[in-house]
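Colleague: The numbering used here numbers the first residue of the sequence shown as 1422 and each following residue consecutively.
Heads up, a few of these hints could be off.
[Stated by the list, open to error] Label-pair restraints from in silico Cβ distances:
1. S1508 with A1658: 35 to 41 Å
2. G1493 with R1624: 15 to 21 Å
3. S1632 with A1658: 28 to 34 Å
4. G1493 with P1587: 31 to 37 Å
5. A1658 with P1579: 18 to 24 Å
6. M1443 with P1542: 35 to 41 Å
Simulated from the structure, these hints should not be mistaken for laboratory data.
Glycine included, each C-beta is placed from N, C-alpha and C at the ideal position.
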Amino acid sequence: MEDPSDFYAPVAGRFRMDPRRMGDPTLELLRELAQAGESWLDIGAGGGRFALPLALAASEVICVEPSKAMVGVLHDGMQEHHIANISVLQDRWPPSDPSSAPSADVALMAHIGYDIEAIGPFLDAVETAAGRLCIAVMGEGAMTTVATLFWEPIHGEPRVALPALPELMALLVARGRLPEIRLVERAPPTFDSIDDLLAMGRRQLWVRPDSIKDRLLSELIRGSAIQREGGWTVDRATSRIGVASWLPR
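Let the sequences and hints guide you as you build the complete structure.
Modeller: What follows is the structure in structure tokens.
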């Protein structure tokens, strides 16, 4: 039985990835930023999308992740790929007990800054934890494709855009940092079936299954979904992901 309080439990399986994969442009940039023998702190590590491959190059990776389901996927990946130099703190960031906050040479926050209201204290804790470098991976727009396309026809009002890479860069500059930014292309996410795509749409739009809005959402998705690279998507355009790095205080 999935924990209803764990938002990521229904989709945690989508975050299972081969740590030795090639051709992931974001991961390739992170590998370039890694230095031999360093420790990394992966804040909001999820299922280990970046933590597992980085552990193959780093001396240690410390993961902070609040989702029990995601931590389970991460542990499965560690066992499957025989990766032992990862430790996991199941907690939010900053940790509920400040004295337990880990530190490392590099602090990474990947796709977790879109909806953090208290972003100032969050970044303070990131910079305090980092010895050499801070890194943020963010889309040029929040990564909620279905919600962006269908929010207004479903809910009858425009969707308020979440802050993303441009807003984070403006904030860092206002804080006296000068980040180095490298951009890579992001292919639209695909799903194995239209039903899987619809399930993700319900999550992004907060639509209850079998409701009037759910039936409308189903019509919209089934009427606009296309096959792409062996999967189904409603997004016909590419976007960009930024890998920003800056020196901690």
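Colleague: Could you check the structure against the hints above and give me the numbers of any it violates, in ascending order?
Modeller: Violated hints: none; all satisfied.
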